[in-house]
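Asker: For reference, the chains in residue letters:
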Amino acid sequence: MIWFQLQSLMGSYPLALRGLGMTIALSGISLVLGTILGFALGVLRTSGSRLLDSAIGLWVDLIRGTPFLVQIFLIFFILPELGVELDAFTAGIIALTNLAACFICEIVAAGIRSVPTGQVEAALASGLSQWQRMRQVVLPQAMRVSLPPLVGQYVLLIKDSSVVSAIGLTDLTRVGWLVVQRVPNGLLVFAIVGIGYFVVCYPLILLARRLERRMSAAHGEVQL
Amino acid sequence: MIEFRGVNKWFGALHVLKDITLSVEPREVVVVCGPSGSGKSTLIRCINGLETIKDGDLVVDGQRLGDRATNMTELRTEIGFVFQAFNLYPHKTALENVTLAPIHVRKIPRGEAEASGREMLAKVGLGDKFNAYPSELSGGQQQRVAIARCLCMRPKIMLFDEPTSALDPEMISEVLDVMVGVAEEGMTMMVVTHEMGFARKVAQRVVFMDAGAVVETGTPDEFFSDPKTDRSRAFLSKILRH
Numbered sequence: 010m011i012w013f014q015l016q017s018l019m020g021s022y023p024l025a026l027r028g029l030g031m032t033i034a035l036s037g038i039s040l041v042l043g044t045i046l047g048f049a050l051g052v053l054r055t056s057g058s059r060l061l062d063s064a065i066g067l068w069v070d071l072i073r074g075t076p077f078l079v080q081i082f083l084i085f086f087i088l089p090e091l092g093v094e095l096d097a098f099t100a101g102i103i104a105l106t107n108l109a110a111c112f113i114c115e116i117v118a119a120g121i122r123s124v125p126t127g128q129v130e131a132a133l134a135s136g137l138s139q140w141q142r143m144r145q146v147v148l149p150q151a152m153r154v155s156l157p158p159l160v161g162q163y164v165l166l167i168k169d170s171s172v173v174s175a176i177g178l179t180d181l182t183r184v185g186w187l188v189v190q191r192v193p194n195g196l197l198v199f200a201i202v203g204i205g206y207f208v209v210c211y212p213l214i215l216l217a218r219r220l221e222r223r224m225s226a227a228h229g230e231v232q233l
Numbered sequence: 010m011i012e013f014r015g016v017n018k019w020f021g022a023l024h025v026l027k028d029i030t031l032s033v034e035p036r037e038v039v040v041v042c043g044p045s046g047s048g049k050s051t052l053i054r055c056i057n058g059l060e061t062i063k064d065g066d067l068v069v070d071g072q073r074l075g076d077r078a079t080n081m082t083e084l085r086t087e088i089g090f091v092f093q094a095f096n097l098y099p100h101k102t103a104l105e106n107v108t109l110a111p112i113h114v115r116k117i118p119r120g121e122a123e124a125s126g127r128e129m130l131a132k133v134g135l136g137d138k139f140n141a142y143p144s145e146l147s148g149g150q151q152q153r154v155a156i157a158r159c160l161c162m163r164p165k166i167m168l169f170d171e172p173t174s175a176l177d178p179e180m181i182s183e184v185l186d187v188m189v190g191v192a193e194e195g196m197t198m199m200v201v202t203h204e205m206g207f208a209r210k211v212a213q214r215v216v217f218m219d220a221g222a223v224v225e226t227g228t229p230d231e232f233f234s235d236p237k238t239d240r241s242r243a244f245l246s247k248i249l250r251h
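Which chain is which? The protein sequence lines are Z and F, in order.
Throughout the first sequence, residue numbering follows the numbering used here, covering 10 to 233 in sequence.
Throughout the second sequence, residue numbering follows the numbering used here, covering 10 to 251 in sequence.
Residues from chain F shown here face chain Z by an in silico Cβ test under 7 Å; the list is partial:
no.	residue
1	Y98
2	H113
3	V114
Only pairs whose alpha carbons sit at most 20 Å apart, straight line, appear in this in silico SDA-like list of lysine to any residue:
no.	chain 1	residue 1	chain 2	residue 2
4	F	K101	Z	Q145
5	F	K101	Z	Q139
6	F	K116	Z	R144
7	F	K101	Z	Q128
8	F	K101	Z	L148
9	F	K116	Z	M143
10	F	K63	F	L31
11	F	K101	Z	R144
12	F	K101	Z	R223
13	F	K101	Z	E130
14	F	K101	Z	V124
15	F	K101	Z	G127
16	F	K116	Z	Q141
17	F	K63	F	T79
18	F	K116	Z	R142
19	F	K101	Z	P149
20	F	K101	Z	Q141
21	F	K116	Z	W140
22	F	K101	Z	M152
23	F	K116	Z	Q145
24	F	K101	Z	P125
25	F	K101	Z	M224
26	F	K247	F	S174
27	F	K116	Z	S138
28	Z	K168	Z	T44
29	F	K101	Z	R142
30	F	K165	Z	E130
31	F	K116	Z	Q139
32	F	K101	Z	S123
33	F	K101	Z	T126
34	F	K101	Z	V154
35	F	K101	Z	W140
36	F	K101	Z	L156
37	F	K101	Z	L220
38	F	K101	Z	V129
39	F	K101	Z	S138
40	F	K101	F	G148
Treat the hints as calculated values from the structure; they're not laboratory data.
Source: prediction; values computed, not measured.
All C-beta atoms, glycine included, are put in the ideal place defined by N, C-alpha and C.
This is chain Z alone, in the form it adopts within the complex:
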């Protein structure tokens, strides 16, 4: 019986690969976009403008305080009502990017705030511009604090991408749902789906641990 089911599962491997590809594409793209946006928001949040800080803070709290599934539905079903036509993939990317950006913004802002004011003053006193202070002095030191939780956040993002199956994207999780209709062994199918996610996430988990260990050795900056 189980042998027969396994054989039948082998037949679904092109679908499974497609699902894995979709999961990697979704999380990969939103990881890159979310990192860029999150860094920008984190830098803006600590730039000294109280208005910007509280506006970003409100948005971040809103996103952190609502379920991701609800956010996806809002983007996928409500935006078209307002005249913005979105395919499921774009909606998924927007939702995931936004989620990632909000968490990364907080991680980056916390890192920037952890840099002693004396560092900024020294950079200021030697005539560095605001961008140069950020780029040369503040961010390299902030990264020391931010990098391990950042990589940890990537792992969460990859796992959160499973929620987009709810709007019909054929990612790894949805492939599981499709296959289980043909092969009625939920345990087996979703064990394999789980392994699929783990294979993608585990290297990142190891990387995060490695970075954390390197922190203590580095002179305030992380070399990968």
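With chain Z held as given, fit chain F onto it using these hints.
Answerer: Same frame as chain Z, but now just chain F:
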């Protein structure tokens, strides 16, 4: 070179600078002393805009601070500032610390900046520490790197905010020796310090502050041997007792 005219500053309700009028001529070395909380650090932090003034005029190198026409970032490149806590960049080596601003602000080619950076580090006695990170240096060595970092910008003015207060006693003289060297080369300097030996050796003037106001100014000889006010006498009797 530096001119305070009726400068006032408040931190909330606290009046930290009271009607300061004071000027520093080119090539002059002025030592500022006074009890803690008297506003001396605030005074010199105003000169490069780390603090802003509430009213009065502060003119530095011919430019009035707070004017629209005054580019603070540009003005700061002409003013070296040495901090009590050194504030070296911990993720950069000694050489990278001293070349960062010359390369990025002065736009000096890297090779040239590194050559003069090495020369400057050698001058402050750290010719063998180019590639050391701040965490690998003693306090005295770090402060000498910090001074070299300022000198590499070829500033017109050097400000020192209690440069030896965070140092172990045996490291104080190595930093003061470097500062004496800088003074003897004709740098315009304002130094917040209680190192009276340094003041006697190179300062043209001592400014005594208390409770946010300049109480007394004079040559080091006048000030130390014949202080004019009760407050300066009380202060001197405390710091010179040991």
